[in-house]
Amino acid sequence: MAEPPVDRSGVLLHFTAGTLAYAGHYLHEQSHPVHTHSFVEIAVVTGGAGVHVSLAGRRPLAVGDVILLRPGVWHGYEECRGLDLYNCCFSTETLQRELAWIREDALLSYLLWTGPHSVQRRGMLTTRLEPAALAECAEHLDALNRLCFRPVGPHRGDIIGRLLLVLGCLARAVARTTGDAFQATGPSHPAIVRAMGLMESAPEHRWTLAELAAELHLTRGYLVRRFKSATGLPPMAYLSRFRVELAAGLLLHTDQSITRIGEAVGWPDANYFARRFKAHYGLSASAYRARFGVARSDGPAQPA
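Residues 2 to 305 (the numbering used here) make up the sequence shown, in order.
There is no bait here: all hints are sound.
With beta-carbon atoms standing in for the labels, derived distance ranges:
id, residue 1, residue 2, range
1, Ala238, Asp143, 35 to 43 Å
2, Ala238, Arg98, 22 to 30 Å
3, Ala133, Gly222, 41 to 49 Å
4, Ala238, Val153, 32 to 40 Å
5, Val153, Ser202, 24 to 32 Å
Derived by calculation from the structure, the hints in this document are not laboratory data. Note that the structure is predicted; figures quoted are calculated from it, not measured. Note that CB positions come from ideal geometry on N, CA and C, so glycine has one too.
Please build the complete structure, drawing on both the sequences and the hints.
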């Protein structure tokens, strides 16, 4: 069988070039060490039991549990007893290109962006699939798995289509189980989508609420109300989540100084950058890089 399109560099997992998405089964016994990854990872528990370890603490796992992790989030597994995980992973490039349109869909946008970016979740979102929904999701994961080793060119639409079906199953489960006052009532407001795009296209810019509102021809109060209604966060808090995730990627994949990385993501004040990073990941930027940064060594890996 061909190797999965995922490589390991130390404790950092990353896709091989050109990969859109990947799905595969992984069986864990005892423990799987703490690590991070440079792609979006979704773990669906299809058998056994174990404990998920992350900045959020220790969480017992059972069949039907789902964990979604944004790039850069660290986690691992302990006390595994035949823990069978169906992993679905897709690259940030896929998120920014083929899946960019889902910013305009309230349910899917919440699943991939605004839910994990909320203050208490720090890049991670959990839910649970009931038996019928788990069977439906597994069917789509099986199909995506069969597509993984076929040429991307003639199967791009099939891969993205199956990935969207998986995401749809998860988004409906999140809408059912989340305790947030989130309601999937329709498309996100175009101004909110544009606000996200403006901030993400120039994270190094020292954005203010007044400037962002002026760019969108909205009052500050109206922008904050609409943005918070759509995402659960005020605009500047959302920008902070984006900046810290971007900083994590630079720490993992480059040898730029921590000061330079802070400047690149819009936080030239080194002390402020340090506080924001540690608040999100529970580690200082230097400790995060030392623990997870790339030690250039290629080879096949096991997504968690």
